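Q: Sequence:
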Amino acid sequence: MLRIRLTPYSENPAWTWSGACFSTLDQHSRLTPVDHPMVEHLAATDGRRTLLMVRERVADRPACSPGVRHVTRAEYDQARDAAAGWPTDFVLVETEPDQPVRVTAGSARTTPLYLATDGTSLVGSWDMADLREHITGINPKEAARLLIYRPRYSTDTLFKGVHRLTERAVAHFGGALWISYPEPALHRTPRRLAPDADVVGAFMATMDAALDRRPWAESTTLFHLTGGFDSGTVATRAAERYPGLFPTATLLIGGPGRKQQIRRRAEMRRRVRFADPDLVIDAMEYPPLAPGCRWGAGDVVSPTEDPLHHPFTVMARAVAQAGARTVVTGLGGDEMVALTQDEEPHEGPGNIGDALILPWVGPRAREVLESADDGIAPPARVNSMTLLSLETTAPILLREGLWPVHPFADPAMVELGEQLPFAWRELKQVQRRRLASLGMSEDVVHPVERESFAEVVEHALTSHAPDLFARMLADGSPLFEDGLVDPDGLRSAVEDLTTGAYSEERDGKILEVLSLHMSAEAFLGR
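Residue numbering for the sequence shown follows this note's numbering, beginning at 22 and increasing consecutively.
To be clear, the hints were calculated from the coordinates, so they are not data collected in a lab.
None of these values were measured; they are calculated from a predicted model.
A virtual CB, placed ideally from N, CA and C, is assigned to each residue, including glycine.
One should not assume that every hint holds.
To be verified - Restraint-style ranges between C-beta atoms, simulated for each label pair: (1) 306 - 521: 18 to 28 Å; (2) 463 - 101: 47 to 57 Å; (3) 509 - 303: 28 to 38 Å; (4) 140 - 35: 15 to 25 Å; (5) 101 - 262: 28 to 38 Å; (6) 157 - 213: 26 to 36 Å; (7) 433 - 363: 18 to 28 Å; (8) 283 - 524: 25 to 35 Å.
Claimed, not checked - Straight-line distance between alpha carbons at most 16 Å, and here's what the computed EDC-like set of lysine to aspartate or glutamate pairs gives: (9) 280 - 139; (10) 181 - 219; (11) 280 - 154; (12) 449 - 355; (13) 280 - 463; (14) 280 - 303; (15) 449 - 439; (16) 280 - 151; (17) 449 - 303; (18) 449 - 472; (19) 449 - 463; (20) 181 - 526; (21) 181 - 503; (22) 181 - 151; (23) 280 - 503; (24) 449 - 365; (25) 449 - 503; (26) 181 - 139.
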């Protein structure tokens, strides 16, 4: 959403707008917003304090004038209070002479903001690669979490010296960086339905409101239509409201679910009227680690970006070339209707016991996993796994000039999902019943085959990964040096890959080793 360099205690801290960025008259501080129609920015000063805000636009309001407004102290206080309640994604920067600068993130996060410091200035960006020079090493706790697929939403990133600004958190910088977490967000519990409750109607009305919060209904908006329940529910509803306006795109999977995905998408596009083109990128032709993949080429790619980075990048580029500016997805649908621990006890992703099973997890990683949950952010309005998922997606889209919209991650949708009874959340019954109400077939409403990227990952690991692993084992890795990956255990696992006896449960997670290795090498300049 923005890039910043903030230097407190500047000699001339007055801010101006250049037409491309905000900067102080002494040029020691700068704020550059993403240039996109869905993003606006504004600034106000009472002569001493200055407030700068970059935010996702809301509907039915003209875009703000970006020039710095001069207001009274009372007007400034009023503007500050109003800014904190903005309903969509935002970042708020506050400066004052002789005081630390403050950076606050909103609760409806769509884009990440990573922060670092050189002791004089606070720097930040939505692209972690911009902060490469501030990295001092690998954060073992975060590396261990990622190696066993146990991500945690916190200020930690893979690298020492780079921090994530989590939702509602405030970063304070006056020479040293301190990030304060907010109070835990309050959540709802499942409720008993009234006899005449229209659950599907409430579901669709809430989804409409989540979409309509933003000026999204444009011909430059495209829907990510995978054929699954979540993106299918969102996209078909939008096409029902605006027939013939929206094109679609997807990544085509491999394996037994491939033909089913093709059929389900085709039926959805027939049942309600979408626009052309329908962009279908075959992920089996562009798997992770294939020639052309930025990771494989040694580019500086954030480790928080999805290991399926390459096919998503190819799709995002095709979407942008087709003229789209905004992409609407179904991300967050899983968590919106997730079952509670009481309803279905589970340990969640990345059981710490996996460290004992995965042979490549090194001794340092095993050690720090004992405190894997230390320092995590408090409960957010939106599920933390959803927030991490959105963070993996945004940079890929922003690089191509695309803005992401995720209706299922809207706080109102999350609140509705929390209140739905078990029977409406189990196996995504509310999404299934919505699709059935459109007259969709059993193939769409109750698909037989699993649709996932498991076969794409298998293809990447068996076709392209062995040479990369061989190079890693021969040349070494920062992960070996820090005791995070055991080279002997990794060598044994790689040998299993090359025998032709691939096991998804055993071998699939090894892709994370390569993604972390290649990110670490690129960021650390190895």
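Q: Are the Cα atoms of residue 280 and residue 503 separated by 16 Å or less?
A: At roughly 44 Å apart (the allowed maximum being 16 Å), residue 503 and residue 280 break the hint.
Q: Check whether the Cα positions of residue 280 and residue 463 lie no farther apart than 16 Å.
A: This hinted pair holds, its Cα atoms lying about 15 Å apart.
Q: Could you grab the alpha-carbon distance between residue 181 and residue 526 and see if it respects the 16 Å cut-off?
A: violated (31 Å)
Q: Take the C-alpha atoms of residue 449 and residue 365, compute the straight-line distance between them, and say whether it is at most 16 Å.
A: holds (14 Å)
Q: Does the Cβ pair residue 433, residue 363 satisfy 18 to 28 Å?
A: holds (24 Å)
Q: Can the restraint linking residue 181 and residue 139 be considered satisfied, given a maximum Cα separation of 16 Å?
A: This hinted pair holds, its Cα atoms lying about 13 Å apart.
Q: Does the alpha-carbon distance linking residue 449 and residue 463 stay inside the 16 Å limit?
A: Status holds; Cα separation ~15 Å.
Q: Check whether the Cα positions of residue 181 and residue 503 lie no farther apart than 16 Å.
A: It holds: about 13 Å lies between the C-alpha atoms, which stays within 16 Å.
Q: Within 26 to 36 Å or not, the Cβ separation of residue 157 and residue 213?
A: violated (54 Å)
Q: Hey, residue 449 versus residue 355, does the alpha-carbon distance stay inside 16 Å?
A: holds (8 Å)
Q: Tell me if the beta carbons of residue 283 and residue 524 are separated by a distance inside 25 to 35 Å.
A: holds (27 Å)
Q: For the pair residue 463 and residue 101, does the Cβ-Cβ distance stay inside 47 to 57 Å?
A: Once the Cβ atoms are compared, 54 Å apart, the range 47 to 57 Å for residue 101 and residue 463 holds.
Of the numbered hints stated above, those contradicted by the structure are hints 6, 9, 10, 11, 16, 17, 20, 23, 25, listed in ascending order.
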